[in-house]
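Chains as they are written, first to last, in my numbering: chain A, 10 to 715; chain B, 16 to 308.
Don't read these hints as lab results, they were simulated from the structure.
The beta-carbon is built from N, C-alpha and C at its ideal position, and this holds for glycine as well.
It cannot be assumed that every hint is accurate.
[Claimed, not checked] A few chain B residues that face chain A, going by a derived Cβ cut-off under 8 Å, partial list only:
#1 T125
#2 W128
#3 H165
#4 S168
#5 R242
#6 K246
#7 L299
#8 E308
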Amino acid sequence: MSEIVSNREQPKGTVDTYFGIEFASIEPVMLVYCMAMTGKEVEISTGKDSVISLRNNWWRQITSGNPPDGHINVSVPATFMDYASYDDNFGWYKSFLTQQLGHVEFGSSDFDFDKDSSLFENLRSGMRPENGCTESSYYRYFSLFDDRLLATRIFVAIENARINYLVKFFYPGVKYYYQRMQEGTLLALAQLPGMTLRRAFCELLDGLEFDAVLAANIDALYEPLSEARAVLDRLFSPSAAVEDSAEAAIRVYYIAKKIPKNLFVSSVEGYASEHREPDFSEMDGQEFMGNFNVGQMKLDMEMRAGTGPKSTMPMTAEDLKKLADQKIGITDIQDAQFLSSTGLSAADLPRGVHVYQFSQSKFQQVDRYQPGDPKSSIMAEEGEKLFYYDEWDFRTRRYIGEWCCVREKVLGEGSSYFYEKTLESRKSLAAELKRQFEKLPAELLYKAKNLDDGDEFDLDLVIGELMDKKAGQTPSGKVYWKKKKIQRDVAVAFLLDMSGSTADLINKSRPTMEYDESIKYDFMKFVMQPRRRIIDLEKESIVLLIHAIETLGDNYGIYGFSGHGRSKVQFLIIKDLNESLTEKIKRRVDMIAPIHGTRMGPAIRHAVTKLDACGSSLKLLFLVSDGYPQDSLYGYDDDDKEYAIHDTKMALIEASKKNITPFCLTVDSAGNDYLRTMCNDIGYEVLDDIEMLPHRLPMLYKKLSG
Amino acid sequence: MPLKSKRHDYKSHIIEEYYITEEPFYLPLIDEIKLFEAAYAERIPVLLKGPTGCGKTRFLEYMTYRMSRKLHEKASSSPNHDGIPLITIACHEDLTASDLVGKYLLEGDTTRWVDGPLTRAVKSGGICYLDEVVEARKDTIVLIHPLADHRRSLYIEKKGEMLEASDSFMLVISYNPGYQSILKNLKHSTRQRFIAIEFTHPPKEIESKIIAHEAGVDDNLAGRLARLGEKIRNLKEQDLSEVISTRLLIYAARLIKEGIPARRACEVAAVWSITDDQEVQKSLKEVVTAIFE
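Excised from the complex, chain A in its bound form (with noise of 0.2 Å):
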C-alpha cells in the first residue's frame, strides 16, 4: 500500500542534473492537477523568462485582453533544479502553478470597478474616472491615477500579496514550498543601494508581507513599509475580493507618492553605492524593476485606453510583431509571448508553430509540426488505401488531428507450405486446441425459464403453481427449464505486431537437429533446423489460431502491424474480417516478416474502425506484441516511450467506448512495466514463456469469446 508522503515517484527523463526536474516529465500529472483546481481547460507553455516575468503571466493576459474564462494559459519554466532534492523542486513546480492558478481561482481578472470593497472603505467613488462606463473596469481603475505606472506596478504587487495570502490560507499543504518559492524570487538587499526610494519602496513590496524586510530598517523607507504594511494586513483576510486590493492599492499609491522622488537608497546592511538608478517614471519603456516589461505593460496600456485601436480589440500577433519590428517598447518579443499576450491557443496556429518550441527541454529540436500539410505529401503506393488517424498528446492532452497515415494492404504470398509443416509439427496440440474450441458451443447454453414445455421442471416454479392451486388460483403451468443455445455472434480482429524486434532470435531456441523422413539418404535424414526468431512463435500461433477458429465459424481479421514514422504506418491483411479461409490465406501466413516500428495507436485504431463497422454483438481486439510501442517519431522523439505508451492507451480506451473488448498479449517479460499503464483497466498478460505463445493465444481468444 503506497501513502500520500513526500516520496513521489521520480519519473524517468529527467534533466541531467540528478534532482532537477524538467516539467515535460510531470505535465501530465500537472494538467489534470491544474483542471482539478480550475475546472477549466488549462494549457501549460514552458517559457525561458524570468520566473518573475512568468509570475505575472496572470497580468500579461488581463492587459492583452485575453479572456480570464474558458481557454486558461499558464507558464512554466522549461526546467528547475534550485533544489538538492527531487521533491523540493518539485513542490518548487506545485506551488508556482498553484499561484498561476489562484489568480484564476480567487479572481483576479474579476475587477468590477463599480463593486464595492468590503474591507476597506471606497475611495474610487471619491476620485474622478476620467472616461465612462464603457471602458473596461481596469481601465477606469487605471485612470483615477496620475502616475498609472506606479499605480500600476502598486496594484501588480497588492494583488500578488493578496493570491499569496488566499493560496496559503485554502492550501496549506503547499505552504512550505510556496513560502520558499516567494522567498527565492524576493529582491536582494544587497541590490537596493543606488535605487530611487520610490522604486526600492516598490521593490520591497513584493516581501512586505515577510518581516524580515521591515526589520531591514532601511534608510527613509521604515515608516512609508509600515504603513503599506498596516494595509496589506487589513487585505489579508479570507474573504478578501480583487476590489479590496484595488483599495488596498490606492491607499499604498498615496504612501508612494509622499516618498521624495531624487532620493537614492545609499546603503542597507553594509552594502552602498554611489550608483544612481533612474526612477521608473523616468524610463523610457525598458525593462522595469526586474519584475515588470514595463515596454509591454505601457504599450498595452495604451492600446487599451483608447489612445490606440479601439480598446475592446485585443491586439492580434501581427500588431504586436509590427510593434516590436519598430521597437516600440518591446524588446525580444517571440512567439510565445504572441501566444499569451493575444489569447491565441495552439489549435490556432499553423502547424510549425508549438507550444514548446522555445522550450529548454530536448523537445525543442523536434518540429513536430512541420510545414505543410502530411496528406498533400503522402502518395499511395500500388495495392495501398490511406487512412488517416489522429494521435493523442497526453502532454497537452489533445488529439492531433489526422496526425497519421495508415497504409491498408493485403500481404503479399508465399507458399502455404509454412502453414501445412506447422499443422503437421504441432499435431498434438492442433487436435487440442481444435477440441476445446468445440467445447464451446454447448458452453454458450444458458437456461429459459417459466416454459410450457422443456427439459426439465423448475422446482421453484412447481412449488409456486402448487401454492397457487391450493389458493384457489389457476396454474398457468409455466414450470418447465429448458437450456437454449446462444447464437455466437463475435467478430475479432487479431493485430500482429511485425516490428523489426520481432526478429529477435528467442533465447531458449538453441539449433536443433529434426529428421526429415522426405529427404532420400539415410545420412542426411536429420538436418539442422534454423533457430527460431519471435515472429516465427507468432506465425505458428497464427497458423493453430486459425485452424482452430474455424471449428467456431467466428467472423475473425488477422492484421499485421508496423509503423515507419506517422506518413507510413502499415496494416497489413492477412485475413480480413467477413473474408472466408482460402489456400491463398494461407499462402500470405508465409509472408509474415519483421519490418520496422510499432506504432501501436494508429493500428489500433483502423482495427476499430473495421470493427466497427461489424454488426456482431461481441466484438474483440487482439493485440499480439513483443514490446512497448517505439516508432520513428512517435512521440516529441524517437524515444519517447511516455508518449507512445499513452497514445496506444487512448487508442485501447476508444476501443472500449465503441464496445470493442482490446485484450494486449505481450511476449515481452518486461511487459508489466508500462501495460499497468497502457491498459489500466483493459485485459493484458505477460507471457513469461515465449514458447507458450501458440498455446496460449487460441485459449485466451476461447477465455474471451466463450
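Fit chain B to the given chain A structure using the hints.
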C-alpha cells in the same frame, strides 16, 4: 412498534410501521422542499434524479418526517396517528412482480397470501420509495403504472383484486442517470407519470455544513473537505466517470475524527474509491496534499 432485542442492540420494524421519528438533517439546495410538498398535496408521484451519494434518500427521509408532522398537526383530534411510514424497496434485476405485490405461501395443508412491500405501502398509506428503479426489469416496472396516475390503484393479479391506495400513499422513485447504460433507461411511459426533481452535489458552503454535522467535525476541516470535493468534481467528464459523493467526504471526515491523518484519510476515502487510473490518482493526490498539510 419497534421490537428491541435483549441480546443485541438492534431495532426491528414491520415495514409499514417504520416511521421517521427524529428530524433528519437536511439542508435545502433550491426549492425541492416546496416542490415535494406541493407534489404530495396533489399526490403526484415524484422521480428523484441525481448522482450517487448526493442526498436523494436523505431528502426523502426528511420529507417523510415533514409530511408526518404536518399530518399530525392536521389530525390533532386523533393523536394516535403515528405518521407516514417510509417503505424502501431496493430494485434489482431479479425483482419480480410477486416480490413487489405479494405471493401465496404454503402453511401446512393450506396457503396463505402474503402482501409484498408495494401492497403494504398502498394499504398503509406510506411513502413507497423504489430506489434505483431502472435496475428492475421492465415488466416489473409496468406494475406501478396504475399507481402512478390518476387511478392510484394496484392490480393484484393472483388475487383478482384491484387495490385503491390509501389517501396518504405516495410513490417515489429514484435513479442515477450518470451510470446507467442506454439499455437501462426508464421507459417513457414510466417517466411521464412522475415529476422529476433533479439533485446535484451541494455547493461548497452547504456541503461543508453537511460534512460538519454528519461527521461531527469542525467547520475548518469540513470546509477543506468540501473544497476537495469541489476540486475533484471539476474533473467530471474529463478524467472521472463518476465524481466524489458527499457521503465519501463524510467518511473521510469521520476517519480524520478517529485519528487517521487527513492526507491518508482522503487518499482512501476520496482518491482510491473513485478511480483506479493511476495517473488520475497521482493528480488527485496532489490536490489532496495541497489542501491538507
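TODO: Please write out, lowest number first, the hints stated earlier that are contradicted by the structure.
DONE: The structure breaks hints 3, 4; every other hint is satisfied.
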